[in-house]
Structures are given as structure tokens and as C-alpha cells.
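In order, the protein sequences belong to chains B and A. Residues 1 to 161 in the working numbering are what the first sequence lists, from first letter to last. Residues 1001 to 1154 in the working numbering are what the second sequence lists, from first letter to last.
Keep in mind the hints are simulated off the structure, nothing from the lab. Please read all numbers here as calculations on a predicted model, not as lab measurements. Check before you lean on any hint, since a few could be wrong.
Said to hold, decoys possible - Pair by pair, the computed Cβ-Cβ distance ranges are: (1) B:Glu30 - A:Pro1130: 29 to 35 Å; (2) A:Pro1130 - B:Glu79: 28 to 34 Å; (3) B:Gln12 - A:Glu1124: 26 to 32 Å; (4) A:Leu1032 - B:Asp106: 47 to 53 Å; (5) A:Gln1037 - B:Asp128: 44 to 50 Å; (6) B:Gln37 - A:Leu1153: 38 to 44 Å; (7) A:Asp1004 - B:Pro105: 32 to 38 Å; (8) A:Asn1087 - B:Leu104: 37 to 43 Å; (9) B:Gln12 - A:Asp1004: 20 to 26 Å.
Stated by the list, open to error - Footprint (simulated), chain B over chain A, 3 or more residues, beta carbon under 8 Å: (10) 1017-1028; (11) 1120-1129.
Said to hold, decoys possible - Partial list, derived from the structure: chain B residues whose beta carbon lies under 10 Å from chain A: (12) Arg9; (13) Arg11; (14) Arg23; (15) Arg31; (16) Asn41; (17) Thr44; (18) Thr63; (19) Val91; (20) Leu111; (21) Phe112; (22) Asp119; (23) Leu136; (24) Ile139; (25) His141.
Note that beta-carbon positions come from the ideal geometry of N, C-alpha and C, so glycine has one too.
The residues making up each chain are set out below.
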Amino acid sequence: MSSAWGLLRLRQQLEKGLPLVPRPYQALGERTGLSEQEVMNAITQWQNDGLIKRFGLVVKHRTLGYTANAMVVWDVPDEQVKALGQTLAGVPFITLCYQRPRQLPDWPYNLFCMIHGTDRTRVLAQLDSLIADQNLQHIQHAVLFSNKTYRQRGGCYASHD
Amino acid sequence: MRLDPTDQQLINHFQRHLPVCERPYLDISRQLDMSEQEVIERLQSLQSRNVISRVGPVFEHSRAGASLLAAVAAPHEQVDQVAARINRAPGVNHNYAREHDYNLWFVMTAPDNEQLDERLDTLENHLKLPMLRLPMVEGYHIDLAFDIDWEALT
């Protein structure tokens, strides 16, 4: 049985990434007071539970040349938001899609999606074709390109930050 | 940045499902027909070139603790300064400038909702700017690992 403290320490260590040594789970065990097997069991369990949604290389898209990042926000009638959210989630170039509350009067938009692309022109063309294909002309939207990254990193939920 | 085909393969195959076994890099090396040492060296190199931030887990925000997307409209000439203040607040893990009246967008995280609200209240008072707070109601697609379009990057 792994100790709760050991598991919390393991989460803190994992947020920094897996050590690049031949036996990384053993190395994590040494840092957290767990056995190699306990570390592997915990990671497998967390993946099955959905606490870990993905386990692998965390790519910095901007370094690769994905420099155009657009947050597209839509003011969708409440009764349509779920269906449209599910539709947008299936579009290949949309990388994230969330429903969020409006904050009237300042913020009328309730559906958010992200397009990561290699340049602004291409992203806008993708958006145009999306609007045409899905008949979204009547839904008010705004495109918020990001023009500077001040911070981008994994969560620090378990750490005191 | 241009990557050689082997680095591209590593990224294509291992943005998810990294092996959980005693020698994960050996397992990867067999799948890609190279040595364990080469896999480790390539991962180190990708990390030092800032192509990957790490090898490891992406935690599900809503399960790992509390988090919230927030935005402020900073005066034009003070955007960098306000962004730096936001970055100094505990719990901020994303922070971007975007082209809109609400020009700074950041994600605040905390161990639980109570501490999250405290962190946001403290920051809002400190910035003296009204803050949009936009919690997730529902996620339809929340996995950032998309297939890299290597052709488009050339």
C-alpha cells in the first residue's frame, strides 16, 4: 500500500516530467519513497481514472512553427451550444473546445475553441470554411489571435507554487 | 525549427501512451529501431531545444485541482507590466496576450476552489482591473495532443 504522502510527492515530481534515465520509474521511486512497482501502479491507475489524460511527449507547438494560435469564441443560443460544441470538437484543426458562462454585458460568448496553425492566413481560411460548412453565418463570433506568450507550462496543482 | 525524420517519428508516436514498464525508453527504442541510449539522447535534445517541455503526464485540470480561465483588459501601454504582475501571482500556468479589448488571458490553478477564489480575488485587487472569470461548464475536446502537420511546417 503506497503512502498518501508518497503519492502526493509523486504527483509533484511528475509535474516536472519523467527523468530521462534508463529506469525513470525507479528514479521517481527513490525521490518519493515508493517502490518502482508502486510508481508504475499509481501512474497506470491515474491514467485509468482519468486524472492523467495523456502521458507522453509534451510538445511546444510554437517552437515547431505553430505560431498562429487563435481562440475563436461564439455566442451560441443556449439550446444549441452542446450540439455545436460536439460538432466543433470533431473538426480536425480544432484542438480544444469548451463551453463557458457568458459574463454579460462585457462578454457575450459561451463557446470557445482553439485553432493552432502555422500562419494567420491559413487559420482564417480554415475558419471561413468551417463557418460555410456548418452554416454558422448567423452566430456572432470573435477571433482572438495570441500575439505573445508570457507563460505556458503544465499545472502545479500538487505543488506549492 | 526543422526536425529530422527520427525526431518527427518520436513525436508522432509518443505524444500519448508512453510505455509504463521498467525500461520505457528501451521499449520505445525497439519500436523505432534504435538504441535505448539514442532515445534518451534525442529526448534530452528535444527538451534542450525547447521542442518538448517535458516527457510526462498532462493532468486533467478538473480532476487534478481547481483551475479557471480569466482575462483582463490592460491599458495598452502597460500590457507587459500587467502580464508580469499576473505571472508573479501563485498558481498561474498559462498567460497570453491576445488581440482584443480583453488583451491578457491566463489560467489560474489552485489545490481547491476556495483557494482558487482567494488567489483570483487577491490578484484582482492587486491589479485594480476588473477580471472576467470563465470557468469551464463543459469540455467537448480537451486533449492538446494533435497530430503535427510536418508538411505545413516546411
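Hint check:
no. : hint                             : verdict
1   : B:Glu30 - A:Pro1130: 29 to 35 Å  : 48 Å, violated
2   : A:Pro1130 - B:Glu79: 28 to 34 Å  : 30 Å, holds
3   : B:Gln12 - A:Glu1124: 26 to 32 Å  : 28 Å, holds
4   : A:Leu1032 - B:Asp106: 47 to 53 Å : 50 Å, holds
5   : A:Gln1037 - B:Asp128: 44 to 50 Å : 48 Å, holds
6   : B:Gln37 - A:Leu1153: 38 to 44 Å  : 41 Å, holds
7   : A:Asp1004 - B:Pro105: 32 to 38 Å : 53 Å, violated
8   : A:Asn1087 - B:Leu104: 37 to 43 Å : 29 Å, violated
9   : B:Gln12 - A:Asp1004: 20 to 26 Å  : 34 Å, violated
10  : 1017-1028                        : holds (count 9)
11  : 1120-1129                        : violated (count 0)
12  : Arg9                             : 15 Å, violated
13  : Arg11                            : 8 Å, holds
14  : Arg23                            : 6 Å, holds
15  : Arg31                            : 14 Å, violated
16  : Asn41                            : 9 Å, holds
17  : Thr44                            : 6 Å, holds
18  : Thr63                            : 5 Å, holds
19  : Val91                            : 9 Å, holds
20  : Leu111                           : 9 Å, holds
21  : Phe112                           : 8 Å, holds
22  : Asp119                           : 9 Å, holds
23  : Leu136                           : 15 Å, violated
24  : Ile139                           : 16 Å, violated
25  : His141                           : 12 Å, violated
Hints 1, 7, 8, 9, 11, 12, 15, 23, 24 and 25, counting from the list given before, are not met by this structure.
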